[in-house]
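Trainee: Take the sequences, apply the hints, and build the full model.
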Amino acid sequence: MSLVLDSSVTLAWVYSAEATEEVAGVFARVVGSGAWVPSLWRLEVANVLEMGVRKGASDSAFRDAALADLALLPITLDMETDRQAWGATA
Numbered sequence: 088m089s090l091v092l093d094s095s096v097t098l099a100w101v102y103s104a105e106a107t108e109e110v111a112g113v114f115a116r117v118v119g120s121g122a123w124v125p126s127l128w129r130l131e132v133a134n135v136l137e138m139g140v141r142k143g144a145s146d147s148a149f150r151d152a153a154l155a156d157l158a159l160l161p162i163t164l165d166m167e168t169d170r171q172a173w174g175a176t177a
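Numbering (the numbering used here), first residue to last: 88 to 177.
It is worth saying that the hints were derived from the structure and are not from the lab. Glycine residues also receive a C-beta, built at the ideal position from the N, C-alpha and C atoms. Treat the hints with caution; some may be incorrect.
Have a look at the derived ranges for each label pair, beta carbon to beta carbon [as the list claims (entries may be wrong)]:
1) P161 with L130: 17 to 23 Å
2) A175 with E109: 28 to 34 Å
3) S89 with D146: 34 to 40 Å
4) E137 with D169: 17 to 23 Å
5) A175 with D151: 35 to 41 Å
6) E167 with S147: 32 to 38 Å
7) A133 with A111: 18 to 24 Å
Mentor: In structure tokens form, the structure reads like this:
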């Protein structure tokens with residue numbers, strides 16, 4: 088597993104109107120081989136989905152289904168992201 092997935096690509100996949108062939112290809116790789124995500128990924132994705140509900144762009148059923156689908160993916164959180172952010176990364 089060498090793919091690092093960020094929230095913007097994740098959300099492009101969730102919101103099918105924003106999906107491209109490249110995004111579909113990334114998610115085919117994620118399903119087949121898994122991916123790493125920064126530890127903030129879940130919060131970022133959940134926040135955007137919740138903002139969609141609050142703005143009326145989607146409903147809570149869509150948000151909940153998207154989160155349930157994403158939870159099934161072979162995603163590994165990179166906990167070193169936070170530990171290194173203000174140290175080695177900076």
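Trainee: If a hint holds in the structure, say so; if it doesn't, say that too.
Mentor: Consistency of the hints with the structure:
Taking 17 to 23 Å as the suggested C-beta distance range, the pair P161 and L130 conforms, at roughly 20 Å. Distance hint for A175 and E109: a CB-CB separation of about 31 Å, consistent with the stated range 28 to 34 Å. Checking the proposed 34 to 40 Å range against S89 and D146 shows it holds: the Cβ atoms sit about 36 Å from each other. The hint said 17 to 23 Å for the Cβ distance between E137 and D169, and at roughly 22 Å that hint holds.
For the pair A175 and D151, the supplied restraint of 35 to 41 Å holds, since their beta-carbon distance comes to about 37 Å. Taken as a hint, the range 32 to 38 Å holds for the pair E167 and S147, whose Cβ atoms sit roughly 33 Å apart. Separated by about 22 Å at the C-beta atoms, A133 and A111 satisfy the suggested range of 18 to 24 Å.
Hint violations for this structure: none, all hints satisfied.
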